[in-house]
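Asks: Throw the hints in and build the complete structure from the sequences for me.
Taken in order, these protein sequences are the chains called A and B. The opening residue of the first sequence carries number 1 in the working numbering; numbering runs sequentially from there. The opening residue of the second sequence carries number 1 in the working numbering; numbering runs sequentially from there.
Take the hints with a grain of salt, since some may be wrong.
[Claimed, not checked] Quick list of simulated restraints, FRET-style, between CB atoms:
1) B:G190 <-> A:D166: 55 to 63 Å
2) A:D70 <-> B:L42: 31 to 39 Å
3) A:V172 <-> B:G87: 46 to 54 Å
4) B:D301 <-> A:D101: 56 to 64 Å
5) A:N18 <-> B:Y68: 41 to 49 Å
6) A:Y144 <-> B:T125: 38 to 46 Å
7) B:G205 <-> A:G75: 54 to 62 Å
[What the hints assert, rightly or not] Sample of chain B residues lacking proximity to chain A, with all beta carbon distances greater than 10 Å (derived):
8) G30
9) K49
10) K182
11) E211
12) Q222
13) R255
14) E287
15) Y364
16) L386
Read the hints as simulated data drawn from the structure, not as lab findings. For clarity, every value in this text was computed on a predicted model and none was experimentally measured. Just so it is clear, CB atoms sit at the ideal spot from N, CA and C, and this is done for glycine as well.
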Amino acid sequence: MSEYYLNLIESLTSRFGNAITGSSVHFGEANIVVDKAQLQQVATALRDEAEFKFEELIDLSGVDYSEYGDGIWQGPRFAVAYHLISIKHNHRLRVKVFADDEMPVVDSVVNIWSSANWYEREAFDLFGIVFDGHPDLRRILTDYGFIGHPFRKDFPLTGHVEMRYDPEKRRVIYQPVTIEPRVNQVRVVRDDHRYTGRMPEES
Amino acid sequence: MSEIRNYTLNFGPQHPAAHGVLRLVLEMDGEVIERADPHVGLLHRGTEKLAESKPFNQSLPYMDRLDYVSMMCNEHGYVLALEKMLGVEVPIRAQYIRVMFDEITRILNHMMWLGTHALDIGAMTVFLYCFREREDLMDMYEAVSGARMHAAYYRAGGVYRDLPDQMPQYELSKWKNEKDVKRLNENRRGSLLDFIEDFTNRFPGYVDDYETLLTDNRIWKQRTVGIGVVSPERAKQLGFTGAMLRGSGVEWDLRKKQPYEVYDRVKFDIPVGVNGDCYDRYLVRVEELRQSNRIIKQCIDWLRKNPGPVMLDDHKFTPPPREEMKGNMESLIHHFKLFTEGYTLPAGEAYAAVEHPKGEFGIYLVTDGANKPYRLKIRAPGFVHLSAMNEMASGHMLADVVAIIGSMDVVFGEIDR
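Replies: Shown next, in the form of structure tokens:
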């Protein structure tokens, strides 16, 4: 499978040239990083051109890289990962687009794959990534009137507010969280000798 | 002439036909839907964020609670992602057990779907029959994992333990007399495999019963034929997978196209619909019941003949046996390290998907070499299917919305995550 995907990556890089800023095959999966400004053209071509034919957008996911590898991350803070699948050729591809801090804006792909609609709303809700050209960019998973973007790494796991019934006011109220944030099991990074020599095959 | 205005109707989140906590805001023109706007997230628990705070193994039980009617398939997606990154292959017997329980889970899921879908449209009997069969399937879960629903049975590196040699028995009680107990224990005398085999022998007859009740039923057809039609092109555009995609006539099944575990060694067919309406999706799923039954039978045959390990022997990520732990220093250390710290995965990202009863269930895992995931994204099939609600329901009557929700087979545990 790796062989096949290396070939695919090769034809992708020759087709799109400098629109692809990075590519690799890792764990038997093809990854490309696409320049943010050219996402629309690349995505349209990926869907329509006979060689690629990625008819379905299977998944769209936001990623916040701000704490990646305990601060070794140098690139832009946010990324959007698109998982594409081709029913015709039976192959998959992961496309990544990076967006910078504070006001991450990425072009919407709803006009290319309709399934992006809710996925982009979700990524907006959870990460605050704005999708330019989305027809209806509302929050989707969090509560009505929620403040913040919960899946960002600087958002605490316990959240900021909690909800309870106030018997005096006789209604449900919000109050600051009373739970102490705690770490049951610490995060550790180990150099595992078993994993050396299994790095991505750059092409 | 009086002025006619559209009005907005709030459907759910407490409506029994909303299959959980779906709130649907419908804009109606008389009885016709103009626009359907599902509001989801009422069951949002932040599973993905929670998983980021725990070692890999501890997130496994969360997977059960995603789509809480097809528990083991969710686990399967997760352990496949872990195994892909660990770069290990599980023992063949574990693969067969996984395939068998995936198919048991598929029946379990489709029974739930068929029962509630029929109940929504007005057929009470099917619901009762389906839940009778679910009882047996849950007993299989219980026998193998100790839990009737949230099994946590699949582990990275295999399955938690081998199939038991005996089934739990019913005992005399205030509620069950000797005759009842004898009848209930009738098919529980042998091993779990005997019990499952007994079920697979009975099951095709049950499916015939459901089909007698529904397939040619005039009311059933009136309610489902031509409702919520999705063309193959639109189905792909909308990101459909699983029975929703096959119902629209696209032959696509990960078990065949991108086989994982031993799906390339068992024989089964993929049913495909023609019209892409609720009725075709019903037919596809009912045929899947029969095919699942067929796969289970093949797995039983293989499992009877081939004993062997069900878990990898690499104690860097699988727990050592209890006896060894008590007598062997190294095992003790492995046990301690595994349960206090867990294991690390190589830095990188991977996506693993299984053919879940509802569609493609995928896990996108980003790690930075730590013992916890950096980002875990769950690709829930129901989420995408429900996002097509507006397109599928527009122009239909209010009562058809119920049929469409039913044929989507939505469960909010996975949609809201």
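Asks: It remains to establish, for every hint, whether it holds in the given structure.
Replies: Now for the hints, and whether the structure bears them out:
1. B:G190 <-> A:D166: 55 to 63 Å: Roughly 58 Å apart at Cβ, these two residues keep to the hinted range, so it holds.
2. A:D70 <-> B:L42: 31 to 39 Å: Holds: the Cβ-Cβ distance is about 36 Å, inside 31 to 39 Å.
3. A:V172 <-> B:G87: 46 to 54 Å: Taking Cβ atoms as reference, A:V172 and B:G87 lie about 49 Å apart, which means the hint holds.
4. B:D301 <-> A:D101: 56 to 64 Å: 58 Å, holds
5. A:N18 <-> B:Y68: 41 to 49 Å: For B:Y68 against A:N18, whose Cβ atoms are near 47 Å apart, the range 41 to 49 Å holds.
6. A:Y144 <-> B:T125: 38 to 46 Å: Holds: the Cβ-Cβ distance is about 40 Å, inside 38 to 46 Å.
7. B:G205 <-> A:G75: 54 to 62 Å: 60 Å, holds
8. G30: Consistent with the label, B:G30 stays out of reach of chain A, its closest Cβ about 25 Å off (over 10 Å).
9. K49: 6 Å, violated
10. K182: About 48 Å separates B:K182 from the closest Cβ of chain A, which puts it past 10 Å; holds.
11. E211: About 29 Å separates B:E211 from the closest Cβ of chain A, which puts it past 10 Å; holds.
12. Q222: 29 Å, holds
13. R255: About 13 Å separates B:R255 from the closest Cβ of chain A, which puts it past 10 Å; holds.
14. E287: Nearest chain A Cβ is 20 Å from B:E287, so the label holds.
15. Y364: 6 Å, violated
16. L386: 8 Å, violated
Going through the hint list in order, the structure does not satisfy hints 9, 15, 16.
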